[in-house]
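Student: Here the working numbering = 1-based position in the sequence shown + 769.
Please note: incorrect hints may appear among the correct ones.
Stated by the list, open to error - Under the rule of at most 30 Å between Cα atoms (straight-line distance), these lysine-lysine pairs were calculated in the DSS-like manner:
#: 1; residue 1: Lys889; residue 2: Lys789
#: 2; residue 1: Lys789; residue 2: Lys816
#: 3; residue 1: Lys834; residue 2: Lys823
If you're looking for bench data, these hints aren't it; they were derived computationally from the structure.
The structure displayed is predicted, hence computed values, not measured ones.
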Amino acid sequence: MTEPWEEFECDQWTPNDAEKALRWVLRAMHNAQQGLRDARDAEVTAKHEYEREKRKAFFAPDCPKPARGGHTVADRDAFIEQSTALERERYELAQATTAAAQDHLRTLNSQSVVMSALAKNVQQTFAVVGAR
Numbered sequence: 770m771t772e773p774w775e776e777f778e779c780d781q782w783t784p785n786d787a788e789k790a791l792r793w794v795l796r797a798m799h800n801a802q803q804g805l806r807d808a809r810d811a812e813v814t815a816k817h818e819y820e821r822e823k824r825k826a827f828f829a830p831d832c833p834k835p836a837r838g839g840h841t842v843a844d845r846d847a848f849i850e851q852s853t854a855l856e857r858e859r860y861e862l863a864q865a866t867t868a869a870a871q872d873h874l875r876t877l878n879s880q881s882v883v884m885s886a887l888a889k890n891v892q893q894t895f896a897v898v899g900a901r
């Protein structure tokens, strides 16, 4: 029985290749951090728009007013939800985008740890063996 990693083939790295990989992951992490920042900004904007529309719907003239024997709180809440459905959807999509950006940054961070370890291994190997 073979292990999955036994079939994995890759090129041998030189110290220069290791340096390139580390620079690549650093740039990728920087870009991912900027993407996360932008996603968070968009999420906050979407949240404010959703809450603003909720307040407008709550005070709208046609919003059902709960009263004994009349409309219920559930009627009012359903009206507000129906009136703000688009803004709520945008807010939820913005939250999902932020979560995806966080996941991407965490993945790059994990990759950077592995690349750093590989780069150190390459440096040590070339220090002992030298370039042949």
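Student: Now look at each hint and say whether the structure bears it out.
Tutor: Hint by hint, here is what the structure shows:
Of the supplied pair hints, the one linking Lys889 and Lys789 holds, its CA atoms being roughly 13 Å apart against a limit of 30 Å. With a C-alpha separation of about 40 Å, the suggested pairing of Lys789 with Lys816 is violated against the 30 Å cut-off. The straight-line distance between the Cα atoms of Lys834 and Lys823 is roughly 15 Å, inside the 30 Å bound, and the hint therefore holds.
Comparing the model with each earlier hint shows a violation of hint 2 alone; every other hint is respected.
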